[in-house]
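Participant: Guided by the hints, dock chain B onto chain A, whose structure is given.
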Amino acid sequence: MKTQNILAAGEELNPLIPHPVEIVLSLVVFGLLYFAVKKWVVPNFEKTFAERTQAIEGGLSAAETKQAEADAKLAQLEKQLADARHEAARIREEAREQGAQIVAEMREQAQTESARIVEHGKSQIEAERQQAVTSLRAEVGALATGLAGRIVGESLDDEARQSRVVDRFLSELEARNGAGTGSVN
Amino acid sequence: MSNVAMTAIRTEGFTPPGPGDFNLPPIGPDRTFELFGQTYYLGVTKPMLQLVLAAVLVFGFFYLASKRRAMVPGKLQYAGEQAYGFVRNSMGRDIIGSHDFMRFVPYLFALFFFILLNNLFASIPFIQFPTFSRAGMVYGLALLSWLIYNYVGIKRHGFGGYFKHQSVPAGVRGPILLLLIPLEFLSNIVVRPVTLALRLFANMLAGHLLLILFALGGEYLLLHGATLVKPVGILAWLLFIAISFLELLVQFLQAYVFVLLNAMYIAGAVSEEH
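So the sequences go chain by chain: A and B. Going by the working numbering, the residue at position 94 of the first sequence is 94; the numbering climbs one at a time, nothing skipped. Going by the working numbering, the residue at position 251 of the second sequence is 251; the numbering climbs one at a time, nothing skipped.
I should point out that these hints are in silico values taken from the structure, not numbers from a laboratory. Computed from a predicted structure; not experimentally measured. Don't be surprised by glycine CBs; every beta carbon is placed ideally from N, CA and C. Where hints are given, some of them may not hold.
Within a straight-line C-alpha distance of at most 20 Å, the following computed SDA-like cross-link-like pairs (lysine to any residue) qualify [unchecked claim]:
no.: 1; chain 1: B; residue 1: Lys46; chain 2: B; residue 2: Gly160
no.: 2; chain 1: B; residue 1: Lys67; chain 2: A; residue 2: Leu136
no.: 3; chain 1: B; residue 1: Lys75; chain 2: A; residue 2: Phe49
Estimated spans, in silico, between C-beta atoms of each pair [as the list claims (entries may be wrong)]:
no.: 4; chain 1: B; residue 1: Leu249; chain 2: A; residue 2: Ala72; range: 53 to 63 Å
no.: 5; chain 1: B; residue 1: Ser98; chain 2: A; residue 2: Glu69; range: 29 to 39 Å
no.: 6; chain 1: B; residue 1: Leu249; chain 2: A; residue 2: Ala63; range: 40 to 50 Å
Non-contacting residues of chain A with respect to chain B, defined by C-beta distances greater than 12 Å in every case (computed) [what the hints assert, rightly or not]:
no.: 7; residue: Pro43
no.: 8; residue: Ile56
no.: 9; residue: Arg96
If we strip away everything but chain B, and leave its shape as in the complex, we get:
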């Protein structure tokens, strides 16, 4: 149904892809609702299904991998243990510290592979849509991480103690504190969830936009371009392949950075000193 619409738009000349390409219509009837002056689709969309699929796949894989508990692991168990050990040790133990990292390992572990698989969906054939190019999905996770690190910090230091811990830099005295306290408060409490969310969301959106641009642009040049311009369409497709590999790297890195920052925020909140 939307294909009809898209071709209808694009036959009249090349329309570059835009954020609208990420607002996929729901599966089934196109119904909309209005909220805060914005029109939203009502119904189950593809990224929503992807989100659920990712959760099911992540849990299914690691459940099967961890179930046998063999002393000498098979291939599946070995892969699962390596993946789990990677998050547990390099992001949990090494950053939060061996004293109380185990509490956060399930969170970091689930988060990393959930984000990673959702990002990889952008490059998996027939799915080819990054779930986290939808801002709402990322806002949910960023909100959760904000709640978690502030909660564990307040629990550790008390309400006032925690805000002092996060806002007053250790070893600084005098009037400079007037400048530093608002800055620290802003950067440690207010800005963190925003940057966390935007980094992941914008990377996924921009990467996918770039891929759409190269794919559709190459197609347009080949089909409608002048004879001399047609080879550029081939070049665009070759670049599309190259950028796809780059995107794989970005997808992994963004998942890694998101979870790494989560671990660092938690580590900063529960630490005794700065």
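Bound-form chain A, shown alone:
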């Protein structure tokens, strides 16, 4: 019986003629698979893909922001550095100018001072000279007057007397001069 069955199936069966149950079964099984995949598999994959794309894009934009921030900070620091250099150069320049000015001032001051000292010395010398001239003139006058008085006081009648008077005067003068050198100077 079994053998006949299989023989019959093997010889008469047209493989193109479907088993009706198989049509229905394949539709039902595939349909269930489709709905399960649509509900539980595809959304998961799509969500993962979307999240990954977003993560990558977010990471890129964050990196870009950070880069921009770093660039801005670097530019700011460079600007500060340049300002500081500029400032330092300016201060140096100022200091140099000030130094030069101070040196010039000091030189001028010193010149003025020396000129003043020289002037002072000169004027003192002049004053002393004047004083000497004045005192000398006075002394010469007094001497001349004294001499004249002596000459007039003594009778100037004879030659001998006259020469005695002059000699005495001159020796007196010499003695005075010898004693007076210290007092004059």
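Facilitator: Then chain B, alone, in the frame of chain A:
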């Protein structure tokens, strides 16, 4: 039970394998029923179990692979994403177009891996039977794809608009249309599900038949052939191995072509121009 019968037949000389080898008896008692003059087995058969097993395995694998949703995927998730991305991008987005392909991705994705695994069953040890060598299984899927692409086309263009879209080639005028319209209608609406079904079914049936022929023929030559012919049996078995590898390729290609054509039919139905 059927083994007894088969050996009974085959001891009387070599009986080449035929379509009857694909009509597996049900698990359990052999009951039959008659429909349209054809005798069918009644009960759960091996390909039916394979069909269910394939659906469970496909869903189980991709559910586990997609569940964790890690930004840096592990091996399982990576494999799942690559497989999903392959169908989604190369068959969905590239063919249907980025505008409305997402609607069809679950269908194409489930269909591809469902068919692929069912085809691979022909080469997996201890299963070794292509589910889609059963015409009924393929007719179901081809019918579904026919309904889908016509449905989305009618929805997009309206009933008359859709048939005009599918039957009247763009840029053609004059009496040649008398010839072209029936041809286009036939090829785009009528023949497509038939070719879709037969391509998959016939490839699976023929490939498996070839493998049975080499295996049984080699066995027969070794056991019952003359001494000089026996080495040919070894050769047949070597060829069996080579053809098994070829079959792996065919199994993949047939799944790929079936889903690719589905995507192209959908793309043609929803497109604005030809």
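Participant: So, for every hint listed, does it hold in this structure?
Facilitator: Hint by hint, here is what the structure shows:
1. Between Lys46(B) and Gly160(B), the direct Cα distance comes to roughly 44 Å. Violation of the 20 Å bound is thereby established for this hinted pair.
2. The suggested pairing of Lys67(B) with Leu136(A) is violated, with an alpha-carbon distance near 135 Å, which exceeds 20 Å.
3. A C-alpha spacing of about 16 Å is found between Lys75(B) and Phe49(A), which places the hinted pair at or below 20 Å, so the restraint holds.
4. The hint said 53 to 63 Å for the Cβ distance between Leu249(B) and Ala72(A), and at roughly 60 Å that hint holds.
5. The hinted window of 29 to 39 Å between Ser98(B) and Glu69(A) holds, with their beta carbons roughly 36 Å apart.
6. Judged by the Cβ atoms, the range 40 to 50 Å given for Leu249(B) and Ala63(A) holds: they are separated by roughly 45 Å.
7. Not every Cβ of chain B is farther than 12 Å from the Cβ of Pro43(A); the closest lies at roughly 8 Å, contradicting the non-interface assignment.
8. Taking the minimum C-beta to C-beta distance to chain B, about 9 Å, the non-interface status of Ile56(A) is violated against the 12 Å cut.
9. No Cβ of chain B comes within 12 Å of the Cβ of Arg96(A); the nearest lies about 64 Å off, and the non-interface call holds.
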